[in-house]
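Residue numbers (the working numbering), protein chains in the order written: chain A, 1 to 223; chain B, 1001 to 1223.
It is worth saying that the hints were derived from the structure and are not from the lab. Positions of the beta carbon are idealized from the N, C-alpha and C atoms, including for glycine. You may find that some hints are simply not true.
Unchecked claim - What follows is a set of in silico ranges between Cβ atoms, one per label pair, in the way DEER data are often shown:
#, chain 1, residue 1, chain 2, residue 2, range
1, A, 191, B, 1191, 46 to 56 Å
2, A, 30, B, 1194, 49 to 59 Å
3, A, 191, B, 1174, 33 to 43 Å
4, B, 1019, A, 60, 29 to 39 Å
5, A, 130, B, 1202, 29 to 39 Å
6, A, 74, B, 1174, 43 to 53 Å
7, B, 1093, A, 192, 16 to 26 Å
8, B, 1181, A, 194, 32 to 42 Å
9, B, 1204, A, 112, 48 to 58 Å
Unchecked claim - Chain A regions said to be covered by chain B (calculated; three or more residues, Cβ under 8 Å):
#, region
10, 113 to 127
11, 138 to 147
12, 151 to 162
13, 168 to 174
14, 190 to 197
15, 205 to 214
Claimed, not checked - Derived, one-sided and incomplete: chain B residues facing chain A with beta-carbon distance under 10 Å:
#, residue
16, 1019
17, 1041
18, 1042
19, 1044
20, 1094
21, 1096
22, 1130
23, 1143
24, 1149
25, 1174
The chain contents come next:
Protein chains: 2
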Amino acid sequence: MEGIRLIEVKEEIQADNTAKAEALRNRLRKHKTCLLNLMSSPGAGKTTVILKTIEALRNGLRISVIEADIDSMVDAEKIAQAGITAVQLRTGGFCHLDASMVEKGLEGLDLASLDLVIIENVGNLVCPAEFDTGAIKNAMILSVPEGDDKPLKYPLMFTVCDVLLINKIDYLGIADFDVHAVRERVVRLNPGITIFEISSKTGEGIGEWTQWLQRAVDEVRFS
Amino acid sequence: MEGIRLIEVKEEIQADNTAKAEALRNRLRKHKTCLLNLMSSPGAGKTTVILKTIEALRNGLRISVIEADIDSMVDAEKIAQAGITAVQLRTGGFCHLDASMVEKGLEGLDLASLDLVIIENVGNLVCPAEFDTGAIKNAMILSVPEGDDKPLKYPLMFTVCDVLLINKIDYLGIADFDVHAVRERVVRLNPGITIFEISSKTGEGIGEWTQWLQRAVDEVRFS
């Protein structure tokens, strides 16, 4: 399974996004497919984390990726090069995905033959946090060079996620970033969140994160 | 002049944002006040660049700052600590500023006694590019750790700006970032753009950038 599909999406204003998201989640559970929504700022390392995650889990799981970009297909091309099917959603001016857009992306995939679909959302800490995509798990990446004040400035994003990946920890010591302060700020916003410190570059923490994700997928597969 | 004013703003859907922005620009020119709109991803270094810019220009210019944040006042507090008046616009769920919001921010300032007002827009490479704020100059920061593919993925932002500051150049060599490729991609999108390579940490390039800004302010003051 590889290659890129390109879909142009337009946002429909929809008060019923939450209902659509709920319906989509039910459909995914029926197919025993876990959908992970991955969010972050631009440049925090979403694509590289996805590639590392695929590398760790591809022997045991059937995986596809939905790439959301305003323009360009550079991320989808990287995924396809790894031999994984990537659906490219071109979002035009829109700065987030909603459940309808994700549904459109899933049309290109055979859910019955997939264990895990990863959505790479638009790089943005604001709007993606406000729209339920229908994902079963929500994860975000905060990268060390972005600074440790992000939970103070974008609290909703940290609140809606099941997992926070603190990425680029190989920059600790170079960047002014207090991991302890971040953990404290995040847990105050979201006591149930799981936090992993990772580096896509050195591979540190990737094992712990992908074990967590494997368990999340298994919960859906064997439920 | 120092302290923080807090204003809660709500977006009104407005087809006439462009007209409002144009009217605001005319008003600013009448008062001989230059308005700079500074945009970037979260964590690219907007607040630090503003602090360095204030440091370089405060002897010759009367400066205020409008801080846009979804939540928190941490940036406004840093500006106020430097002895500069900061207006804090709390944007709630909104992910960008438009001309009406900026107008509301300016209500708290005496334009006649200001040479330069700097807007720190919401950290976001998508929506802020789509809304004319009424600013006389638009600038953006791209920081080295974000990666050199950003012009491919967020082309509009690079197209609407007069200036690009490539920040955190002290990370060159550590991060995988091709300055030449970025320059080429950006100039292809926007041949008229001025590009500075800077580091708020080491101070490199700050002189060239603030000289450019001084000239832009002088154009407005002495027109």
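Hints, verified against the model:
no. : hint                       : in the structure
1   : 191/A - 1191/B: 46 to 56 Å : holds (51 Å)
2   : 30/A - 1194/B: 49 to 59 Å  : holds (55 Å)
3   : 191/A - 1174/B: 33 to 43 Å : holds (35 Å)
4   : 1019/B - 60/A: 29 to 39 Å  : violated (58 Å)
5   : 130/A - 1202/B: 29 to 39 Å : holds (38 Å)
6   : 74/A - 1174/B: 43 to 53 Å  : violated (22 Å)
7   : 1093/B - 192/A: 16 to 26 Å : holds (22 Å)
8   : 1181/B - 194/A: 32 to 42 Å : holds (37 Å)
9   : 1204/B - 112/A: 48 to 58 Å : holds (56 Å)
10  : 113 to 127                 : holds (count 6)
11  : 138 to 147                 : holds (count 4)
12  : 151 to 162                 : holds (count 5)
13  : 168 to 174                 : holds (count 3)
14  : 190 to 197                 : violated (count 0)
15  : 205 to 214                 : violated (count 0)
16  : 1019                       : violated (20 Å)
17  : 1041                       : holds (5 Å)
18  : 1042                       : holds (5 Å)
19  : 1044                       : holds (8 Å)
20  : 1094                       : holds (8 Å)
21  : 1096                       : holds (8 Å)
22  : 1130                       : holds (6 Å)
23  : 1143                       : holds (7 Å)
24  : 1149                       : holds (6 Å)
25  : 1174                       : holds (7 Å)
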